[in-house]
Amino acid sequence: MPIRDILELRILPPLVLGRLGSSDQPMDNYAVKIDEPLGYRKLVPAPTLTVSPKTGEITSAKPPRAVRFRDDKQLIKPVSPFLEVWARFEQDGPLVPLTTDHLRQLKLSPGDVQWNITAANHKVFRRTGTPADKVEARIDALSDHDSHPLLGSAKNFIDGKVIPFGSVRYIRPNPEFPEIRLRFTPATGKVYGSRTGTRDRNIAEIVYDPQKGDWLNHFDGRRGTPPSTTPAAIYAGTDTADGAWHISRGYLDDTCSGIAEVILNVRNRQLSAYGHFTSGPPAFAPDSFPVRTIADELEQIAFGPDVEPENADQERVIDIVRRALETVRLLNTGVMNGNQGVGGLPFRDSTGALNNTNNMAGQDTGLRRAFTPIFDPAIVDALAIRARHERILMAVAARTPAWFVHILRTFDQVGDLTDAGRRKMPGMMRGADGLYLALTRRQYNTIRASAPLMGTLEEGESTAADFFGAKNGIQE
Amino acid sequence: MRLRHLTWNASKGMAAVTSAGHAQYPSHAPPLAPRDEAWFLLNIAAEIEHALMVQYLYAAYSLDPDGARADQRDTVIKWRLSILEIAREEMGHLATVQNLLRLIGAPLTLERDEFPFGTPFYPFEFQLEPLSIHSLAKYVVAEMPPGLSGREITTIRRQARDANRGKSVNRVGALYRRLRSVFGQINATDLAADSAGVQARDGEWRLGYPRIIVLGASDKKSALAAIDAISEQGEGIPAPKPAESIDPDSHFARFLTIYRQFAKSRSAGLVAPVPTHPNLQEGPWQDKNMEAGRFTNPTAKLWAQLGNKRYRMLLMFLTHALHLEAPVNRVEQASPRGLLLTFCFGEMYNLRSLAAILSKLKLKTGGGRAVGALPFELPFSTRLSEREIDRWRLHRDLLSAALKLAEQISSTGSPSTNAGEFLTAIQATDRAALRDVENMIAQLAPRPAVGVQPVPINAAQPQSQAMRSRRIVDRQQARRGAEDGTVAHSMLAARRMERYSRRRSAPRPEE
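Residue numbers (this note's numbering), protein chains in the order written: chain L, 890 to 1365; chain B, 233 to 743.
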């Protein structure tokens, strides 16, 4: 059916996640399958858009023969996602991928599509509060099909210095792949530093000028800087001798997040849409999914925290419990529990004092809780924990109602450092606020909806109301 | 347990009224020395707690929320949850009793009575039966504190007696009162204070269940506190407080609550038609009551056999775990005790699933109303082998047999989607467990026979490295004294072997 107009543009997916990598080959696409009930997820090659470096066109969509995360030089392949432009042509019509054919019908060409890209890394600014520490890159009115580097610069950088955030490329559509796409390729994952006068092997390049800005030797809590994050001091640094301050080494990294805006003038109207992109470190355990992810957060945002019993979905419960197993499988639970004599606990710090803080139980002492292992040390070794979660998963997979709902930590219990509180699930993990991790409310309610009344007999709840039906409980 | 020397005594300190109006506790004739009598009484206590736990589980699983009316469903689920929780707490009592046995240096026991033999020292005759007003009456009386009276209590006692073939139901608390008195007479020097390392620990058992009591005991004072805690949780009052102070969370109070609600409800549909005395006897019984509970439906029988097998595995995992040192802190690698406890808890989950599956299967070939239920039949023995490696071999054998049985059930066709998924799941966990168990056996495997020629050190032959390393470790052990049979030492030895092997496999400079 011929189109006469574009009513709306959209970029889908609205958020894409890139992962750093120093290879010049982007990561192949793969799907994740569950083949063995208790085994690792299987990574299966999936159709992968291959882009010609020379022309910027997609040359094939075949799956690779095998899923490989490194190239022949053992360099990590970056995850380089695509942002696609979708359009709606009729009122209440569906969104469909915008193609060259649509453009042609509207007497437009791919060259009429323009992109404005903004990328930034505000990590240092968040600490110092100094706008000149914002590292930003911008590309305006991009309409060719070359690869364009995103070069992040800041006023407090040494003149001429930049941090490359990666690159973007407006993919050249062709007859076989006529859709309109932009590709974001993240950076390589290097560490950048400040001019200190001494050589630091961690640093790929010195970019920051400590004569201009205060990032080098910054410490959270310094007067005039924004309030600390929680947890605080999450930057590379060195503690003062008294342990009170964490002094920044002046490092910066090449991750970024940004907005890609697409603009198209149609019939004298300017249509636009935008999508988000971001980059982070590689996934070193891609066959294991964390118990709580951004996807869970987004689901809660989209659908709310509540789940009615009639909408109970055992498959979702199985998924959550499977992810719990996959999470604990990667943890050194004996160390995290604070088992003494394990993994070098306690260790002697630079002053020679015994330090017991690099475990979950030890970190609670910072909140003035006495040091004790969280769980009984006999039952927290990795093998026992893994075996226990396997059994729980298998029971849930066999459709047993989730009897364990009452030991799940709710969102308002994250600060409970009592024995019982710390032993709730998820165990031995912290949330972004540094307190104990809780599932999202939607995850919790998903489990609860599948097991009505399982949480009824919870800690502290008494049957007194039922019992004292008669005077003193006993009828005479 | 042998009963020929059992007798019933009254005591000045125990004038509290029991169901029959007499103060009674079991004792041995002729009288035993205090420590010996404590052993005798603790054996009885262990059997009682085990028997109660199993009977309560059976009663809880007999409740059928799906069969109840919509307005009753939530109540039935609450009853089930409440009784299951009481069953868990009895498990805690059982674990605490094992700790007391350890304290006096007596062997552990997981034995209990099985029907149809009457056992005078049990609160009531052991009987797996669906929940009813009469069975509830028995449970109420068994957990009742002393000194209660009134019309309701009299009615309940009568119903309990009727349900117990005319015999009075004894209060469990009477046994613990006697035990308390006996413990007070034991020489403190006869108590194994150093047994704490093998006793069941609170942190191992109570995850998420704050009411479960698992108390260790290292001296007389802590032993008495443990005995009092068990009594109080059951009866609801620490003796001799007046009845007005009954704890509403006590077993007595919770059972009484359910009893009252059950009495007021229309019970049709609330309880599944599970049998009394479910059993897997091969041939027919003369006793018609026992015959009524016999599985004849071949599919249901297989599932019930699986239930028995899992029950046996649970008991053996548990008793083995309680014979291993609990590492207080230093856990560099897998803790065998932790693994066994995990396996034990896993069997509890399995039994729960199996109860649900069996309730959907007919008991008898040819139909009828009765449905299946867990038989909880004891194995031929719950004793542990002497050697550590043989204990693990038993687990291997049980897991292998369980896998075979699951395959056999699979081949008959799954009765439901849930059952099929359960079989898939249990086979996956059993295979994983089998791997872990075989690893344990491999690490405990005896050294090769004397006379084997030592093989030159060579990176291509890591096994010979291990053999040499083992000899070095053995010499070290011999220097330390008698061979320590605990797995902890064996695994430490295995770790040393591994490290030694890796170092020695690198070529020497001259090579």
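Take the hints with a grain of salt, since some may be wrong.
What the hints assert, rightly or not - Residues of chain L placed beyond 10 angstroms of chain B at every Cβ, according to the derived structure:
hint: 1; residue: Val933
hint: 2; residue: Asp1238
hint: 3; residue: Leu1272
What the hints assert, rightly or not - Pairs of lysine-lysine, DSS-like flavour, derived with a Cα cap of 30 angstroms:
hint: 4; chain 1: B; residue 1: Lys594; chain 2: L; residue 2: Lys931
hint: 5; chain 1: L; residue 1: Lys922; chain 2: L; residue 2: Lys966
hint: 6; chain 1: L; residue 1: Lys931; chain 2: L; residue 2: Lys962
hint: 7; chain 1: B; residue 1: Lys594; chain 2: B; residue 2: Lys636
hint: 8; chain 1: L; residue 1: Lys996; chain 2: L; residue 2: Lys1012
hint: 9; chain 1: B; residue 1: Lys636; chain 2: L; residue 2: Lys922
Unchecked claim - Computed footprint of chain L on chain B; a stretch qualifies when at least three of its residues, placed anywhere within it, have a C-beta under 8 angstroms from a C-beta of chain L:
hint: 10; segment: 575-587
hint: 11; segment: 660-673
Since the hints were derived computationally from the structure, they do not count as laboratory data.
In this text the structure is predicted, and so the values were computed from the model without any measurement.
The beta carbon of each residue, even a glycine, is placed where N, CA and C say it ideally should be.
Problem - Hints violated by the structure (listed by number, smallest first) - result: 3, 4 and 8
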